[in-house]
Amino acid sequence: MSFEVPERQICGFIGPNGAGKTTLFSVISGAFKPTAGSIRLRGKDITGKHPARLVKMGIARTHQVVRPFRVLTVVENVRLAVHFGRKKVAGAQSAQEQAMEVLSQVGLQNKADLLASALSLGDQKRLEVARALATGADLLLLDEICGGLNSTETRSMLDLIQQIRDKGATIMYVEHDMKAVMSVCDQITVLDFGQKLAEGKPHEIQNNDAVIKAYLGKPTLESGPGA
Amino acid sequence: MKPSLLRYGKLALPFLVLMAFLILPRVRDDQDLIRILFATFVWTIAGIAWNIIGGFTGQVSFGFAVFYGLGAYTAALLINAGRNPYFAFLGAAGIAMLASFLVGLPTFRLRGPYFAIATIGVTEAVRVIMSNVSFTGGASGYRITEYGPFRQNEHYYQALVILALAVAISALVAYSRFGLALRAIKQDQDAAAHLGVNPYAFKLWAHAIAAALTGVAGALHARYNIYLDPSGGPGGVFAFQTGISILLIPVIGGIGTVWGPVLGGAVVGVVEEWFTVKFPSIHLLLYGALLIVIVLLEPDGLVGLLHRLAKLFRRRREDTGGPRADKVLWGRSRLEGREL
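Protein chains in written order, with this note's numbering: chain A, 27 to 253; chain B, 24 to 363.
Isolated chain A, as found in the complex (with noise of 0.2 Å):
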């Protein structure tokens, strides 16, 4: 399997459960190391590289199953990721003031002094993503940030996902909300069986034969059209 991401582009990733998306993720952010092949970003070898060290040159990601820190207030996890990030900050004020800027990006800033365990999952999505922008990332990987949430949250998190890359950011994007992933993206991979099965514009992959068999699966003659 082999892609490239374009920049300030928001690049969704679908595919059937097992499919490797999440695994894609983890290599691409550190937690894995790879057997073979290699990741570039910007043309410069990333590969097997720690996480933290990644995090450093602009790659952040979220947890499909949300990983808050949950014994430490909602504004402390943001500022955690806001000191160790991409960019020096001055002081604790400056990081603090940076901090609850992102919450209330996300909507959070009502909830800033929480702890992290009382949120909501919802809102607990709504941090994953905050601490991954609060990093100062310019490469986000988002991994179902919408599982879970109702219609109006979802689209409230895709305006979200399109204002960070107006921004200048790009984006991966992993989601099973098909309807969701449609809207949002410029540019579709579908993975299946940790291969690539199709990339294009969201209406190309739409009419993709081979997609829609990897979803719906082979039409048969007792299934199939005309049975």
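Rather than coming from a laboratory, the hints here were simulated on the basis of the structure. Ideal Cβ positions, reconstructed from N, Cα and C, are used throughout, including at glycine. Any given hint might turn out to be false.
To be verified - Keeping only pairs whose Cα atoms sit at most 20 Å apart, straight-line, the calculated DMTMM-like set for lysine to aspartate or glutamate is:
1) A:75 - B:213
2) A:222 - A:30
3) A:59 - A:71
4) A:222 - A:212
5) A:193 - A:164
6) A:205 - A:185
7) A:82 - B:213
8) A:227 - A:203
9) A:59 - B:213
Stated by the list, open to error - DEER-style ranges, computed between Cβ atoms:
10) B:156 - A:127: 54 to 62 Å
11) B:45 - A:193: 54 to 62 Å
12) B:313 - A:174: 45 to 53 Å
13) A:174 - B:194: 36 to 44 Å
To be verified - A few chain A residues facing chain B, derived, Cβ under 7 Å:
14) 77
15) 78
16) 81
17) 87
18) 93
19) 109
20) 111
21) 157
22) 161
Position chain B relative to chain A; hints supplied.
Chain B only, in chain A's frame:
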């Protein structure tokens, strides 16, 4: 948060207690009390140190006797070489810190309980080595010769100042970005790594700070006691039991909090120094009973208990919206994120 009388009181209390201890020897010339207090201060310093790596960072070590003992021996050697005692304290901190890297470099690469297990092995190894090397007298122990009169109050003040320093370091760590990273590592080191924190490096440094402070505690012990016992028995600086006593201080007082080890140190100091004399045959039994009571009834230690009491007294004006921030460090540590 509004500045309230209670909040100022909270900040002023430590200073008042410090002042009280500063003037105590002038008001009451009870040399036995001073001795017990001195020993308690030394234990508390080691407990505060342990809490930095074991409490804030969640890396449980059974091996702090190594740093305590190495600090004690380093100080002893330097004092016998005619060096200034303060220089000896610095030397003790340095050697203990070096030792902490030797333990941490291989073990912090591993996940799970390996660090904790390794610390047990290291304690035993160092004890056996120190009982066999000749330049410190091997198993027969080491004697310190310092010229000049022995003034107990001088030791007392020295320990008190270093204790105050240890509390300050602990608070500084807790409220800095370094401490924030440590607390994040304790809860989920992978998530911390994905936000730019290198867990390996932070664990190493937290361990080093803890070891240095423990080394100074050992040095205080050495200078006061004049004779160092390398055996595994009670009172032996390298004894496994010494490491356990240090570990129990934050456990009893409240693990992962700034004031927990201070309160715990008071308890362990009194138990170690006073029970041992008062009830020599059953002091370990009392110790065990105390520990069981605390672990069963209040896993967050004395700080947790105080917090519960405080809650009973003021059930008012708690604004809604779940648990708040300042309770985490000052009060309950909420151990759900614990990882051994």
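Okay, the hints, checked on the actual structure:
1. A:75 - B:213: Distance of about 14 Å is within 20 Å: holds.
2. A:222 - A:30: holds, 12 Å
3. A:59 - A:71: It holds: about 13 Å lies between the C-alpha atoms, which stays within 20 Å.
4. A:222 - A:212: holds, 17 Å
5. A:193 - A:164: holds, 9 Å
6. A:205 - A:185: holds, 14 Å
7. A:82 - B:213: At roughly 15 Å apart (the allowed maximum being 20 Å), residue 213 of chain B and residue 82 of chain A satisfy the hint.
8. A:227 - A:203: Since the Cα atoms of residue 227 of chain A and residue 203 of chain A sit roughly 17 Å apart, the hinted pair holds (cutoff 20 Å).
9. A:59 - B:213: Distance ~14 Å between residue 59 of chain A and residue 213 of chain B Cα, so the pair holds.
10. B:156 - A:127: 54 to 62 Å: With a Cβ separation near 59 Å, residue 156 of chain B and residue 127 of chain A satisfy 54 to 62 Å, so the hint holds.
11. B:45 - A:193: 54 to 62 Å: Holds: the Cβ-Cβ distance is about 56 Å, inside 54 to 62 Å.
12. B:313 - A:174: 45 to 53 Å: Holds: the Cβ-Cβ distance is about 46 Å, inside 45 to 53 Å.
13. A:174 - B:194: 36 to 44 Å: Hint holds: Cβ distance 39 Å, inside 36 to 44 Å.
14. 77: Cβ of residue 77 of chain A sits 4 Å from chain B, so the hint holds.
15. 78: holds, 4 Å
16. 81: holds, 4 Å
17. 87: holds, 6 Å
18. 93: Holds - the Cβ of residue 93 of chain A comes within 7 Å of chain B, reaching about 4 Å at its closest.
19. 109: This interface hint holds because 4 Å falls under the 7 Å limit.
20. 111: Status holds, d = 5 Å.
21. 157: holds, 6 Å
22. 161: holds, 6 Å
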